[in-house]
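> Spelled out, the chains give:
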Amino acid sequence: MPGVSLRIDDNEVDASPGESVMQAAVRVGVKVPGLCQMDGVSVVGACRLCMVEVAGTPRPRPACATPVAEAMDVHTDTEQLREHRKVLLEMLFAEGQHVCAVCVANGACELQTLAAQVGVDHANFTPPPSRLTMDLSHPRFGYDPSRCVLCTRCVRACAEVEGAFTWGVAGRGREAHLVADLGRPWGEAESCTSCGKCVSVCPTGAMFEKGTSVGQRRVKRALVSTLTSRRERESAREVLK
Amino acid sequence: MSNGVDLFDLSQKEREAQAAYRRHVLCCGSTACLSGGAQATQDAIEAEIKERGLEQDVRVVATGCMGLCSRGPLVKVRTRGEDDVLYADVDADAGRRIVDEHVADGQPVADGQLSLQHPFFARQERVVLENMGEIDPNRIEEYIARGGYRALRDAVTTMTPAGVIEVVQRSGLRGRGGGGYPAGTKWGLLAKAQSDHKTVIANGDEGDPGAYMDRTVMEDDPHRVLEGMALAAYATGAKHGYIYVRAEYPVAVRRLEQAIRQAKRHKLLGKGLFGTEFEFNVEIRIGAGAFVCGEETALMASIMGQRGTPVLRPPYPTERGLWGEPSMINNVETLANVPTILRRGAEWFASIGTDTSRGTKVFALAGKLENTGLIEVPMGITLREIVEEIGGGVAGGKAFKAAQTGGPSGGCIPIKHIDTSMDYDSLLALGSIMGSGGLIVMDEDVAMPEVARFFMRFCMDESCGKCLPCRAGTFEMYELLDAICEGRATAANLARLETLCDVVRTDSLCGLGQTAPNPVLSTLHYFRDEYEARVVPDTVAAAVAADAGGASAHERSA
Amino acid sequence: MSKARVATVWLAGCSGCHMSFLDLDEWLIELSQLVDLVYSPIADVKAFPENVDVTLVEGAVANTDNLELLKEVRERSKVVVAFGDCAVHGNTSAMRNPLGDPGELVAEAYRDAVTKLHGELPNPENGVVPALLPRVLPAHEVVHIDAFLPGCPPSAERIRIAVEALLAGESPELAPELRRFG
Amino acid sequence: MSVAAGPGAAGATPDRAPVRPDDDPRAALLEKQLKKVRYRADALIEVLHAVQDIYGFLSPEVLHTVADELELPPSRVLGVATFYHLFSFEPRGEHTCTVCTGTACFVKGADALIEGVSEAFGVAKGETREDGKLSLLEARCIGSCGLAPVALLDAAVVAKTTPEALVAAIRKVGVNGEAVADDAADATAGSDEGGAA
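Just so you know, the sequences run in chain order A, B, C and D.
Using my numbering, you'd call the opening residue of the first sequence number 1 and step up by one each time.
Using my numbering, you'd call the opening residue of the second sequence number 1 and step up by one each time.
Using my numbering, you'd call the opening residue of the third sequence number 1 and step up by one each time.
Using my numbering, you'd call the opening residue of the fourth sequence number 1 and step up by one each time.
Since the hints were made in silico from the structure, they are not lab data.
Misleading hints may appear alongside valid ones.
As the list claims (entries may be wrong) - Here are a few chain D residues that face chain A, going by a calculated C-beta distance under 8 Å:
1. Ala28
2. Leu29
3. Ser59
Unchecked claim - Here are the in silico distance ranges between beta carbons for each label pair:
4. A:Thr133 - B:Pro314: 47 to 55 Å
5. B:Asp196 - A:Gly211: 52 to 60 Å
6. D:Arg92 - B:Asp502: 38 to 46 Å
7. A:Thr133 - C:Asp65: 51 to 59 Å
Every residue gets a Cβ at the ideal spot worked out from N, C-alpha and C, and that includes glycine.
Generate the whole structure from the sequences, applying the supplied hints.
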């Protein structure tokens, strides 16, 4: 398949058609910030942190959901983008109760790292009422909605990779929140297979393994992307056999 | 009925039947008049006519909206060879009196008459609303008698699909849902798409709070919507259509369901229409209370029984839409223009309006005016003409302050721009939008930051919650606007509000978020002094914040 | 050159930030050549003095005493720094906010719980304990803050970089890895 | 069925609403509606409308039944049900006063209507009074902008109204003042139910 070439922050990049700008950027060492994007699950373009400027388009576009095109001229780190990312992250903090000091994911949190990178050095926390109750009903895992950033990685991993559809989003707007099955405690969700994929993909400490304390998050976020890429590779091999 | 000749017969028969009556009493049976007691009025009129034994001579019709909703119930008496006489505020007693004096004795009642030469009526130009107040929306015969379905018959039997698109393109018709995208171009995109499962969708999810144009068209002239859809389907190669209607409009749903049954019975929907291969069916889908479903991709998700959350475009619906197949979404009013355009020609339509905004626009004229109701005017009319002539000026002798168009996605037009031309581009230049047709007039008593807060509250409540800027941004903007309105915001808060406007407008995923800051930006642009007058020094704000325990979500440092 | 007048205050926090400050070890000796510590929980000074150049504020604003002191600090200091996560965003001190009315929390702890502390409620009226604010506030919600020094606690390294910059009259620029919350 | 909660599991769980018509006449109505849409998953919103019509609100038990019957994951059913504002998860009051808060009504004082009713009857916006007599709701826009401000009292439109007039109209259908003061008044004014229609 003929490739396309484009420019990302003054780097010449060769990419394959169908690749996203974000994927192409990573290959030349340009890391576009993002929270909802995750290899191995579908793209939703919802967190808007990976917005990039593409010459000739009226407004920034999400790098995760924008396919590469020939002669595209992409800028990922302009002053406006930096300023907007900072505001977006401040808003994300204001939605929850992201107290890093007492979080399983302290030191291994994508939100924490992004905030430091982008320069968010203070914030306010005002979680909506639907985010207050911690769910510790599952024997192995816990869920703290006040740390949820609604990236829906867990929803997608549960549906697309595990096929259980346990997690869903209920409510809307600021009241949008995760639910297991019909909004019952997680431990009572009949559809849950306790596979832990949701916990592994969580960018923050919203989903965690029980028995882990501050800064002790162990699960690898790459689990789901490894599974899906392995599945693709190996099933291709099966076909050849 | 299998061909056009029968259609013509039916039309002829209906006209003859109507002509047999000497007088017609047209009672407005629209939702607005009904809520003002129109049913009791009509019942009284019918009883009185029966009592006097006039049934053979006089026909009573419950029609659709006559427009001047603030003066309902409205009753029109039509007599062969005479000018129509319109009565306003007709209660049951007044209705009986109209029968006694006017219908029976030919002496129009002096009280309660409204001149049809009144600018409210005289300044209008009716295309979409041409049948309103004239026909009984429950009867397909009346629609047909006024030329209905003729455009469809002629298109299907004598024109190519490309020919139909060409006419729509040449007419200059633009989408009436708000964006103003050229309808012919959109139709062309769907026509080009390759699929046996294309769909046309009529968007009747009229979400702008303060607008009821589409509702009225669906309720009071449902066949017009069906004919417009069928024309779109023929032109684009779609076999299936959906009408997505707000659940808040149960009458519209009932009338459309009935219209679909009637059209099927008369072989105007279904297979092998007009003796050709053309086939088209329509289904109704009902919303459940979500403004965001007016957005194309959210609307399609809702039709498929899912959460109405928008998805990224491209791909556009005309490439990949409902069930993954090419689909096209047109606003109800856009589609309602089409039968008339086909019947009267692209040139006729293009002669109305301005160079870039052809045709008419229906507005729901509301707010602090003498006359409020539903109006249809040629685009290019000035706001002043609408407010002062059609609307009869601001009520109670107060001063005009601003008019809001485009609802929560739009902006306000202040007095200094009252002579602006009402067309897509002029409104955009003023920082507002045409929108779907809500036009709310505000007088001197209305505080603009409170208007902005009202719309932001709406956007916050209606945000779907999928993308961060809209979900969190509308909340934070609402909190800031509330702080401003309640006198506990600082200059830094105002600056933060402007920053948020920029971020939410630029970074949101769909139109709801991208346009949510518009009412703030627009009122800030024209009425900044009202915001600044409410801003307080840091020390005052700190004291308030401490007393309330910092109940507001805003930050105080710049 | 006269020495800079520096103060540190301790609002609603665990004193961990001050402990971290003490971790500056021998640099503290150098610092003492440059500054006069005019007010601090580790210095025996009763009232917050006038004309302070730099004040580091540890802790969130949780009660009326915190509120009064912070206002005083702002009035009497040229530069006010939010020192550590509690001052920066409320942190653990603010975790009571979603639970609502602090009166109920106090009643639960002092009167209603099985393992109650006293059996009677602390009474702010008698002036011994300050009244709790309805909501715990980060410092910037009460007064203007000139610089933020995140961390729970901020490491000695961060503190040194920040203080050095402030004494040089500059706004502290922390590298990304040094401005992480938590 | 695509979810873990298969038909076997359904029988074992006590909190499903009865689906057999002989258990509950309302179940027969629901079943009829499900048949009408041919158990198609994409008809979920119509089915939820039907459930609300039949039962008055969406209970977890009925939602479970709907999920089973349409073969949809329960999380998706709840997601849809909670997305749309017209669906209610608790029973509505005997009478419902819905104040239109569209722009035209806002400009003409919808806030005062809500406040007036709220104060006169002791019921918060969006809620049902404790005695179940009255729910006070908001509607986005009921499309009667020419008659602003308007409210719906049960199914009847109260047009160009004022707080006083609306309060009087609500009293007329048989709702008394504050819920607490109701006991005494009940004996005299309990017979006028449903008078609005």
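> For each hint, tell me whether it holds in the structure or not.
Results for each hint:
1. Given the 8 Å rule on beta carbons, the hint for D:Ala28 is violated: about 23 Å separates it from the nearest Cβ of chain A.
2. The beta carbon of D:Leu29 is not positioned within 8 Å of any beta carbon in chain A (closest approach about 22 Å), and the interface hint is therefore violated.
3. Proximity of D:Ser59 to chain A is violated relative to the hint, the smallest CB-CB distance being about 10 Å (cut-off 8 Å).
4. In this structure, A:Thr133 and B:Pro314 break the distance hint of 47 to 55 Å, their C-beta atoms being roughly 40 Å apart.
5. The hinted range of 52 to 60 Å is satisfied by B:Asp196 and A:Gly211, whose Cβ atoms lie roughly 57 Å apart.
6. A hinted range of 38 to 46 Å for the beta carbons of D:Arg92 and B:Asp502 is consistent with their spacing of about 42 Å.
7. Checked against the hint of 51 to 59 Å, the pair A:Thr133 and C:Asp65 fails, with Cβ atoms roughly 32 Å apart.
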